[in-house]
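Q: Okay, here's what each chain looks like letter by letter:
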Amino acid sequence: MAKPLDYQNSIDVMVNSVEELKPILDPRRWSENAPLLWLQSYLVRDERALADDPGVAPERDEELADEDIWDEPRPALLFEEVMFGGFRYRNLLAVTFEHQTADTIRFRYTEDHCLTTHTPDGQDLTGGVDVDSGHSEAKAKGDGSKVVTITISKKVRFSQPASFRERLNALAEMVVPLALDHWLHTVIFRDLRKL
Amino acid sequence: MASVHEQWSLAVTSIYYHGRKKQPGLTEVLDQAGLPFTPWPLEKCVGVLSEAREPLVLGALRMAIADIVRNRGHLGDAKFVDEQLAKLVQKYGDVARVDAAAVKEQLLGIKDADPNTAYLKALAVMHKAEDPHESAVVPFANYKATRHG
Numbered sequence: 001m002a003k004p005l006d007y008q009n010s011i012d013v014m015v016n017s018v019e020e021l022k023p024i025l026d027p028r029r030w031s032e033n034a035p036l037l038w039l040q041s042y043l044v045r046d047e048r049a050l051a052d053d054p055g056v057a058p059e060r061d062e063e064l065a066d067e068d069i070w071d072e073p074r075p076a077l078l079f080e081e082v083m084f085g086g087f088r089y090r091n092l093l094a095v096t097f098e099h100q101t102a103d104t105i106r107f108r109y110t111e112d113h114c115l116t117t118h119t120p121d122g123q124d125l126t127g128g129v130d131v132d133s134g135h136s137e138a139k140a141k142g143d144g145s146k147v148v149t150i151t152i153s154k155k156v157r158f159s160q161p162a163s164f165r166e167r168l169n170a171l172a173e174m175v176v177p178l179a180l181d182h183w184l185h186t187v188i189f190r191d192l193r194k195l
Numbered sequence: 196m197a198s199v200h201e202q203w204s205l206a207v208t209s210i211y212y213h214g215r216k217k218q219p220g221l222t223e224v225l226d227q228a229g230l231p232f233t234p235w236p237l238e239k240c241v242g243v244l245s246e247a248r249e250p251l252v253l254g255a256l257r258m259a260i261a262d263i264v265r266n267r268g269h270l271g272d273a274k275f276v277d278e279q280l281a282k283l284v285q286k287y288g289d290v291a292r293v294d295a296a297a298v299k300e301q302l303l304g305i306k307d308a309d310p311n312t313a314y315l316k317a318l319a320v321m322h323k324a325e326d327p328h329e330s331a332v333v334p335f336a337n338y339k340a341t342r343h344g
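Protein chains in written order, with this note's numbering: chain A, 1 to 195; chain B, 196 to 344.
Honestly, the hints are just simulated from the structure, not real lab data.
Some hints here could point you the wrong way.
Computed list of chain B residues with no C-beta within reach of chain A, every gap over 10 Å [said to hold, decoys possible]:
no., residue
1, GLY229
2, VAL243
3, SER245
4, GLU246
5, ARG257
6, ALA261
7, ALA281
8, GLN285
9, ASP294
10, ILE305
11, THR312
12, PRO334
13, ALA336
14, LYS339
15, ALA340
16, GLY344
Derived DSS-like pairs: lysine-lysine, alpha-carbon spacing no greater than 30 Å straight-line [what the hints assert, rightly or not]:
no., chain 1, residue 1, chain 2, residue 2
17, B, LYS282, A, LYS3
18, B, LYS239, B, LYS282
19, A, LYS146, B, LYS239
20, B, LYS274, B, LYS339
21, B, LYS216, A, LYS3
22, B, LYS217, B, LYS274
23, B, LYS282, A, LYS155
24, B, LYS217, A, LYS3
25, B, LYS306, B, LYS339
26, A, LYS139, B, LYS323
27, B, LYS306, B, LYS274
28, B, LYS216, B, LYS282
29, B, LYS239, B, LYS216
30, B, LYS239, B, LYS217
31, A, LYS139, B, LYS239
32, B, LYS323, B, LYS282
33, B, LYS216, B, LYS306
34, A, LYS155, A, LYS139
35, B, LYS323, B, LYS239
36, B, LYS286, A, LYS155
37, B, LYS306, B, LYS286
38, A, LYS141, B, LYS239
39, B, LYS339, A, LYS141
40, B, LYS282, A, LYS146
For glycine and all other residues, C-beta sits at the position ideal for the given N, C-alpha and C.
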């Protein structure tokens, strides 16, 4: 079986405080911030929100949608629908937000389970991702400057469609760097024209 | 019919493919014949992004332009690649309402062999062009993309 892909990107940015990066790093806003890859991303409280049919998206928890999750961090599940190369993955991640401090925001995620894979030729398969973990962090340099280092990482392995698993993981050699760059663009261009 | 976001996603994914297919360590895994999707030719990617009517294409344009600058040396015929880059920058100029000619000149002047440096410089050119405050300092540095294993 293929080894999971493992990528990490980082960049230093100047900000007034890490606080202003909260909406950028928030996975609830991936679909808004990185629409080239994410169709949907929202928190669900637990697996009771899942429908019996894995093809049906879990119920969105409106309370968790608006909550300041870094203020009162809690374990939660993140539902995401991701598209690339004509595939669509509906995936459930276990996410952990850490208490925001004056100089750090961080969250981690790991695979809970993948619900379905929709293939370019119209098949709907159960599962499809067996490894998916990583983190996002904004950490002030702490040297009196306004410089914050953003680090994002992703380790992933695709398992469906089984007939071309290896080649699909080859495709991820483009998609994972693209996803990480997409996040960094959101950070870098956050204050500029929103169109 | 794919949505515009799906089309832009395929265009940018294909550009990432073209920039990596001849790089050491990735040539074998990115064998086009075996891939589960067919990357669009660079010209088609540029066409799809350049013809977009929705201003939201700005993000996809930045992604495409920065990756082409990063991997110019791996994309094939230099004249053709520069022509494609110029088309994208023209569209970028229209959408972001910046001076496309000046941006193009600066982007084509990036010759760094280190892909991280070239990428960072491309981002800096676009950021500076779009900065309404015309700040003297580009507010980011030290971009690093790492593949482990």
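Q: Now look at each hint and say whether the structure bears it out.
A: Verification of the hints:
no. : hint                  : verdict
1   : GLY229                : 5 Å, violated
2   : VAL243                : 12 Å, holds
3   : SER245                : 16 Å, holds
4   : GLU246                : 17 Å, holds
5   : ARG257                : 6 Å, violated
6   : ALA261                : 7 Å, violated
7   : ALA281                : 21 Å, holds
8   : GLN285                : 17 Å, holds
9   : ASP294                : 15 Å, holds
10  : ILE305                : 17 Å, holds
11  : THR312                : 13 Å, holds
12  : PRO334                : 4 Å, violated
13  : ALA336                : 5 Å, violated
14  : LYS339                : 5 Å, violated
15  : ALA340                : 5 Å, violated
16  : GLY344                : 5 Å, violated
17  : B:LYS282 <-> A:LYS3   : 39 Å, violated
18  : B:LYS239 <-> B:LYS282 : 12 Å, holds
19  : A:LYS146 <-> B:LYS239 : 42 Å, violated
20  : B:LYS274 <-> B:LYS339 : 28 Å, holds
21  : B:LYS216 <-> A:LYS3   : 19 Å, holds
22  : B:LYS217 <-> B:LYS274 : 18 Å, holds
23  : B:LYS282 <-> A:LYS155 : 35 Å, violated
24  : B:LYS217 <-> A:LYS3   : 21 Å, holds
25  : B:LYS306 <-> B:LYS339 : 18 Å, holds
26  : A:LYS139 <-> B:LYS323 : 24 Å, holds
27  : B:LYS306 <-> B:LYS274 : 14 Å, holds
28  : B:LYS216 <-> B:LYS282 : 23 Å, holds
29  : B:LYS239 <-> B:LYS216 : 17 Å, holds
30  : B:LYS239 <-> B:LYS217 : 20 Å, holds
31  : A:LYS139 <-> B:LYS239 : 40 Å, violated
32  : B:LYS323 <-> B:LYS282 : 20 Å, holds
33  : B:LYS216 <-> B:LYS306 : 20 Å, holds
34  : A:LYS155 <-> A:LYS139 : 21 Å, holds
35  : B:LYS323 <-> B:LYS239 : 28 Å, holds
36  : B:LYS286 <-> A:LYS155 : 34 Å, violated
37  : B:LYS306 <-> B:LYS286 : 23 Å, holds
38  : A:LYS141 <-> B:LYS239 : 43 Å, violated
39  : B:LYS339 <-> A:LYS141 : 16 Å, holds
40  : B:LYS282 <-> A:LYS146 : 37 Å, violated
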